[in-house]
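**Student:** Sequence:
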Amino acid sequence: MGHKVHPYGFRIGIIKPWLAKWYADRDYASLLGEDMRIRQLVGKQLSNASVSQVEIERGINHVTVTVHSAKPGIVIGKGGANVESLRTNVGKLTNKKVKLEIKEILQPELDAVLVAQNVAGQLERRIAFRKAMKQAIQRSIKAGAKGVKVQVAGRLGGSEMSRSEWDREGRIPLGTLRADISYGVVHAHTTYGRIGVKAWIYRGEQLGERPGAARTEPREARRPRTTRGTRAAAEGPATPTSAPPAPEPVAAAVPTPAPEPVAAAAAPATAAPAATRTAAAPTAAAPTARRSAS
Numbered sequence: 000m001g002h003k004v005h006p007y008g009f010r011i012g013i014i015k016p017w018l019a020k021w022y023a024d025r026d027y028a029s030l031l032g033e034d035m036r037i038r039q040l041v042g043k044q045l046s047n048a049s050v051s052q053v054e055i056e057r058g059i060n061h062v063t064v065t066v067h068s069a070k071p072g073i074v075i076g077k078g079g080a081n082v083e084s085l086r087t088n089v090g091k092l093t094n095k096k097v098k099l100e101i102k103e104i105l106q107p108e109l110d111a112v113l114v115a116q117n118v119a120g121q122l123e124r125r126i127a128f129r130k131a132m133k134q135a136i137q138r139s140i141k142a143g144a145k146g147v148k149v150q151v152a153g154r155l156g157g158s159e160m161s162r163s164e165w166d167r168e169g170r171i172p173l174g175t176l177r178a179d180i181s182y183g184v185v186h187a188h189t190t191y192g193r194i195g196v197k198a199w200i201y202r203g204e205q206l207g208e209r210p211g212a213a214r215t216e217p218r219e220a221r222r223p224r225t226t227r228g229t230r231a232a233a234e235g236p237a238t239p240t241s242a243p244p245a246p247e248p249v250a251a252a253v254p255t256p257a258p259e260p261v262a263a264a265a266a267p268a269t270a271a272p273a274a275t276r277t278a279a280a281p282t283a284a285a286p287t288a289r290r291s292a293s
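Under numbering that gives the first Met the number 0, the first residue of the sequence shown is numbered 0, with each subsequent residue one higher.
Don't take each hint at face value.
What the hints assert, rightly or not - No farther apart than 30 Å at their CA atoms in a straight line, the calculated lysine-lysine pairs in the DSSO-like style are these:
id, residue 1, residue 2
1, 77, 133
2, 20, 141
3, 95, 3
4, 43, 95
5, 145, 98
6, 77, 197
7, 102, 43
8, 96, 77
9, 95, 141
10, 77, 15
11, 3, 15
12, 20, 133
13, 91, 20
14, 3, 197
15, 130, 91
16, 102, 77
17, 197, 133
18, 95, 130
19, 70, 141
20, 91, 70
21, 96, 145
22, 145, 130
23, 98, 133
24, 197, 70
25, 141, 98
26, 20, 130
27, 96, 130
28, 91, 77
29, 43, 130
Stated by the list, open to error - With beta-carbon atoms standing in for the labels, derived distance ranges:
id, residue 1, residue 2, range
30, 169, 26, 18 to 26 Å
31, 169, 1, 17 to 25 Å
32, 175, 76, 36 to 44 Å
33, 61, 162, 15 to 23 Å
34, 133, 154, 38 to 46 Å
35, 23, 141, 42 to 50 Å
To be clear, the hints were calculated from the coordinates, so they are not data collected in a lab.
These figures come from a predicted structure and were not determined experimentally.
Built from N, CA and C at the ideal position, the CB exists for glycine as well.
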């Protein structure tokens, strides 16, 4: 817990290339150790040439070494003496034909390894670590970086207790794979011991916009997600494109006759009980006639 993955290794195959381009089946371990010795040799022989990284590509009978440096003139040397010396030493190490290429770094302020080398050099010259970090961050931001973080750890200022200090400006999205983050680690050798210097530089995104960001349909035209009660209020007046088609014209209805008055229909209903009573009168007088006959 609390550990961070290497920013370069985390992005290999996505936005970062491999620094070693070769394949081996049986001799993998020996060739990997040979790559490490080549990089150590280049860093030792070109210590003052601001070398950022070394790419190694292997063929059947040759090895191609590409050196990324902010000072290609120092790498080449007077009359190409340094290049020939480096090619000879690498050839003795690999026992193969060596092809040496040099690529210039146009903006060293945006390379984390070179920024860490600059801070480490100032610490070795006894410059205050806070001042060195602040100046390095300001130069990188001025060069176009979107975020810079510098951290130093060790016996800072000659203190007996080692500690870690860091400074940051901008943002460093370590978890975003699209983010182009340069990372470098350098050690400063001082009279009080070794001080580690780390640098992170965020240079922007490399893959452009996020997937699904470009949509042909404008956001205002899509129906908002609302409840049934508030949907009518949220949609507002209907636009001409989303309005329903007009209904077909309905044929004129035939006028119906007016109903008869209610009072005329109710009169016979009230007279019906009277007729019923008159009809029932003879039935009531029948017993009287029977008594007189008896």
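**Student:** Evaluate each hint against the coordinates.
**Tutor:** For each hint, the structure was consulted:
1. 77 with 133: violated, 36 Å
2. 20 with 141: The given pair, whose Cα atoms are some 34 Å apart, is violated under the 30 Å limit.
3. 95 with 3: Cα-Cα ~38 Å, so violated.
4. 43 with 95: Given that 30 Å is the threshold and the Cα spacing comes to 21 Å, the pair holds.
5. 145 with 98: violated, 36 Å
6. 77 with 197: violated, 33 Å
7. 102 with 43: holds, 18 Å
8. 96 with 77: With Cα atoms ~23 Å apart, residue 96 and residue 77 stay inside 30 Å; holds.
9. 95 with 141: Distance of about 44 Å is beyond 30 Å: violated.
10. 77 with 15: violated, 34 Å
11. 3 with 15: Distance of about 18 Å is within 30 Å: holds.
12. 20 with 133: violated, 37 Å
13. 91 with 20: Holds, at roughly 21 Å.
14. 3 with 197: holds, 13 Å
15. 130 with 91: violated, 43 Å
16. 102 with 77: The hint holds at about 18 Å.
17. 197 with 133: holds, 14 Å
18. 95 with 130: violated, 47 Å
19. 70 with 141: holds, 21 Å
20. 91 with 70: holds, 25 Å
21. 96 with 145: It is violated: about 42 Å lies between the C-alpha atoms, which goes past 30 Å.
22. 145 with 130: Roughly 21 Å separates the two Cα atoms, so the pair holds.
23. 98 with 133: violated, 40 Å
24. 197 with 70: holds, 22 Å
25. 141 with 98: Status violated; Cα separation ~36 Å.
26. 20 with 130: The hint is violated at about 40 Å.
27. 96 with 130: violated, 46 Å
28. 91 with 77: holds, 22 Å
29. 43 with 130: Measuring from Cα to Cα gives roughly 28 Å; hence the hint holds.
30. 169 with 26: 18 to 26 Å: violated, 44 Å
31. 169 with 1: 17 to 25 Å: About 23 Å separates the Cβ atoms of residue 169 and residue 1, which means 17 to 25 Å holds.
32. 175 with 76: 36 to 44 Å: holds, 41 Å
33. 61 with 162: 15 to 23 Å: violated, 48 Å
34. 133 with 154: 38 to 46 Å: violated, 20 Å
35. 23 with 141: 42 to 50 Å: Given a distance of about 44 Å, which is inside 42 to 50 Å, the answer is holds.
This entry does not satisfy hints 1, 2, 3, 5, 6, 9, 10, 12, 15, 18, 21, 23, 25, 26, 27, 30, 33, 34, going by the numbered hints stated previously.
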